[in-house]
Amino acid sequence: MSAILRRFRWVIAGLHRATPKKLHSTDVRPFPLLSDLQKELHLRDTSSVKQKLKQPKRPMLEAVHEIAIYIHRFHNLDLFQQGWYQIKITMRWEDDEYSLLGTPSRVVQYEAPDLGCDDVNGIWKINDEDHSFSSQPFRIRYARQDVFLSMMVAFNFSLSKYEGLSTSAVILKFELMYAPVLENSSNLQASLDSSPAAIHEFRLPPKSLLGLHSYCPVHFDAFHSVLLDTSVHTSLLKGGLLPASPQVQSASLVHEDAGENHDLSKQQVMLIKAFSTARDVLKEELLNLGKAINEAVEIENLTSSSDQEDVGVLQQLSSDTNDLFEKSDSNSQNDGTVSKDELFSLFHSLGNQTNDLWSMFLKFHRANKSKILEYLRDQWAIDRRAEWSIWMVYSKVEMPHQYISSAVDDSTYHANRGRAPVLRKITEDPAQTAAMRAELHRRSIAQMKINNRSIQDMHIFGDPARIPIIIIERAVNAPLRSTSGNSYFSRMDPKNKLSPLSEVGSRGPEKLSVAGTRQSGRVLKIVVFVHGFQGHHLDLRLVRNQWLLIDPKVEFLMSEANEEKTSGDFREMGQRLAQEVVAFVKKKMDKVSRSGGLRSIKLSFVGHSIGNIILRTALAESIMEPYLRFLYTYVSVSGPHLGYLYSSNSLFNSGLWLLKKLKGTQCIHQLTFTDDPDIQNTFLYKLCKQKTLENFRNIVLLSSPQDGYVPYHSARIEMCQASSGDNSKKGKAFLEMLNDCLDQIRAPSSEPRVFMRCDVNFDSSLQGRNLNTIIGRAAHIEFLESDIFARFIMWSFPELFQ
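Per the UniProt record's numbering, the sequence shown runs over residues 1 to 802.
These are computed hints drawn from the structure, not numbers from a lab.
One thing to keep in mind: the hints can contain errors.
Below, computed lysine-lysine pairings styled on DSSO-like, alpha-carbon distance capped at 30 Å [claimed, not checked]: (1) Lys-291 / Lys-369; (2) Lys-340 / Lys-363; (3) Lys-173 / Lys-125; (4) Lys-660 / Lys-587; (5) Lys-586 / Lys-553; (6) Lys-732 / Lys-396; (7) Lys-689 / Lys-602; (8) Lys-660 / Lys-689; (9) Lys-125 / Lys-161; (10) Lys-363 / Lys-291; (11) Lys-161 / Lys-88; (12) Lys-565 / Lys-587; (13) Lys-691 / Lys-586; (14) Lys-291 / Lys-266; (15) Lys-173 / Lys-207; (16) Lys-88 / Lys-125; (17) Lys-565 / Lys-689; (18) Lys-371 / Lys-125; (19) Lys-732 / Lys-691; (20) Lys-686 / Lys-565; (21) Lys-173 / Lys-340; (22) Lys-565 / Lys-161; (23) Lys-88 / Lys-371; (24) Lys-729 / Lys-686; (25) Lys-729 / Lys-689.
Being a predicted model, the structure only gives us computed values, none of them experimental.
Start from the sequences and build out the full structure, keeping to the hints where you can.
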């Protein structure tokens, strides 16, 4: 009971247990973190120690790293269970996992939580045993629910152990605690403390500890998809001036051990230099934040008075510090050296300036928290492409105007098509070439040393060699030509400007391509997700979640029209989907029109596997015709657009044969072109004649050379090795289908069209050798069970998803 009363008094009064200052006060200075041994030595009579020393005591310079975590909002993206949730935060040195933990030093509730009494339970707490901070428990009732926690917790890391700067990174650990709704609320905390439902860790590199201001979104994992809006701010602060322990004194001050003396001196000087860096970074970042949010920051009076003196002393500190204390250990300055009095004075000056700037930042953040969060979030989004470029390979490739077989008469195609054909004889398997290219890139990553000062998401940076490699080919139209080439795609001349296909990110202002639309009102953005064979309507939820993170205002339809009905005719499935989409769009249009006016619509589609054939069939339905002009982005995730004419997976082909023979699965007949004796009368051949791709402004085709369920060329809508030398009727029909699809992608449009092929190469080393990997099912399902590839692609090209 006494512990509870002590905690309650601390919360009400806002007092640190070891200091009378309020926790939210802007002038709070970091409390020196003293070990029991240091406290004892500080109070001990040192007369006996002095007698053993040949020189006076040298004081240690005490500093702390302070890391402030602002917890702004908890957003429920896709939690499976209702109940009570809690955020737990701990920090530790990366090199000392169990021995040294960051200590919570202050907590600020800068806004009252916007929650009813039935949606919160208890208060935040600090656990003295594991040095953790836990938010107050809050209740989650529905999807996309927001809980504004609005608090800051600061952790301190003392540098007393290192006698200077630490070279270790810091691991920031977020734990999502869960407890079901219980009738007896007294057992709630015990249930929450049992074990975390999910964990998300981040790494703060040593460079970042001297100064960092960054947005840090916490998502936990695929089964607990949330967005915890946090921002992380770090600085090096002055703690106190402590006497060194006898062990340190005897090692560093006695003349007989000069080597140790120099090592300690170097560490002290490096610490002082670090304070100079921390001050400069904090000053620069504070000015940048003020400029970005258009709020003045007055710091001249804080630093100008002592800047000149500090600069003079700092200039005397050379990179080689071995000679700084060569001479007498007296306090007088000798030629070419800096006295210890000047060093300690510089330490105090820089430390005081840094502490004052840090206090000013905390006050400035509290007054402008929303603007700062928005700015840091925008900067984080801008940096994604560069941050994740390690795992992405970019190239521009030419898209030939026509493909023809090696033995087809050129004049025939020229007469029929009105333009010169392009002869393509493929000598290598494109799937094997892509897999080899990705594997070489993965090996280079394994040898790479990642060294930056940005926060590192351990889901990605924890084991960089296991992350999917993505090869992105942005296609542009090739110049008209009739000569043959040895490779499938030739590299584009950087000076080629003949392509009507757009450069991603180079568009001008948005222009409405719909005549007669309103100039004011809302743009209704809708995304339709279509599952594959025997799939579930939530199969693509991870891609949907990323889309919602990029554009929270988007409306989405997880199609259920064909759930448990994917074995029939594609025409029937397409009709059901079209009816479902039209009903959903009309419903959303009516709602927007009533609430303030509808300016335009952006209608996007995402399909997985045969869901791509279903949605293309739906787009060919007459009831969809009024909505075709609103089509925006199409993402095909491993879709068999050209069927299974040239499938090289014999095991999978045997399974398709069994489905056709034993179950008579109609869609399998259509995919394998056995639904009609004449290939030109088959469903898929006719579908390629339909204008199902022409109206999209952005087309992104995702494929994987490891996916044995969908032929590599079929997912990419490109030529394959087997078809390039096939002069049969089947080969000619395949080329017609390929050219019909590419003609739609190249068709003129009122807006520049983006066309990208994205090869996703998963790390299969952990999956082992089993049936799933042998038949290629593992990669086909990995598209649904992993979201890292989607994060990389979508955040690198956010303009396609907004």
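Against the structure, the hints:
1. Straight-line distance between C-alpha atoms of Lys-291 and Lys-369 comes to about 14 Å, which keeps the hinted pair within the 30 Å bound.
2. For the hint linking Lys-340 to Lys-363, the alpha-carbon distance of about 34 Å lies beyond 30 Å, and the restraint is violated.
3. At most 30 Å may separate the alpha-carbon atoms for a hinted pair to count; Lys-173 and Lys-125 meet this at roughly 16 Å.
4. For a cut-off of 30 Å, the pair hint linking Lys-660 to Lys-587 is broken: about 39 Å separates their Cα positions.
5. For the hint linking Lys-586 to Lys-553, the alpha-carbon distance of about 17 Å falls within 30 Å, and the restraint holds.
6. Taking the CA atoms of Lys-732 and Lys-396, the gap is about 28 Å. The hint holds against a cut of 30 Å.
7. For a cut-off of 30 Å, the pair hint linking Lys-689 to Lys-602 stands: about 24 Å separates their Cα positions.
8. Using a Cα cut-off of 30 Å, the hinted pair Lys-660 and Lys-689 holds, with the two alpha carbons roughly 25 Å apart.
9. Between Lys-125 and Lys-161, the direct Cα distance comes to roughly 27 Å. Compliance with the 30 Å bound is thereby established for this hinted pair.
10. At roughly 16 Å between alpha-carbon atoms, Lys-363 and Lys-291 fall within 30 Å of each other, so this suggested pair holds.
11. Our distance criterion of 30 Å between C-alpha atoms is met by Lys-161 and Lys-88, whose separation comes to about 26 Å.
12. Straight-line distance between C-alpha atoms of Lys-565 and Lys-587 comes to about 25 Å, which keeps the hinted pair within the 30 Å bound.
13. Pair hint Lys-691 plus Lys-586 holds up; C-alpha atoms about 23 Å apart against a cutoff of 30 Å.
14. Restraint check: the Cα-Cα separation between Lys-291 and Lys-266 comes to about 37 Å, which exceeds 30 Å; the hinted pair is violated.
15. With a CA separation close to 19 Å, the supplied pair Lys-173 and Lys-207 stays within the 30 Å bound.
16. Annotation: proposed proximity of Lys-88 to Lys-125 holds, straight-line Cα distance about 10 Å (limit 30 Å).
17. The suggested pairing of Lys-565 with Lys-689 holds, with an alpha-carbon distance near 25 Å, which does not exceed 30 Å.
18. Proposed proximity of Lys-371 and Lys-125 is supported: the alpha carbons are some 28 Å apart, at most 30 Å.
19. Distance hint between Lys-732 and Lys-691 is fulfilled; the C-alpha atoms sit about 20 Å from each other, no more than 30 Å.
20. As the CA atoms of Lys-686 and Lys-565 are separated by approximately 22 Å, the hinted pair is consistent with the 30 Å bound.
21. A distance of roughly 40 Å separates the Cα atoms of Lys-173 and Lys-340; the hinted pair therefore is violated under the 30 Å criterion.
22. A distance of roughly 66 Å separates the Cα atoms of Lys-565 and Lys-161; the hinted pair therefore is violated under the 30 Å criterion.
23. Restraint check: the Cα-Cα separation between Lys-88 and Lys-371 comes to about 26 Å, which is no more than 30 Å; the hinted pair holds.
24. Between Lys-729 and Lys-686, the direct Cα distance comes to roughly 15 Å. Compliance with the 30 Å bound is thereby established for this hinted pair.
25. Distance restraint check for Lys-729 and Lys-689: the Cα-Cα separation of roughly 17 Å lies within the 30 Å cut-off, and the hinted pair is therefore satisfied.
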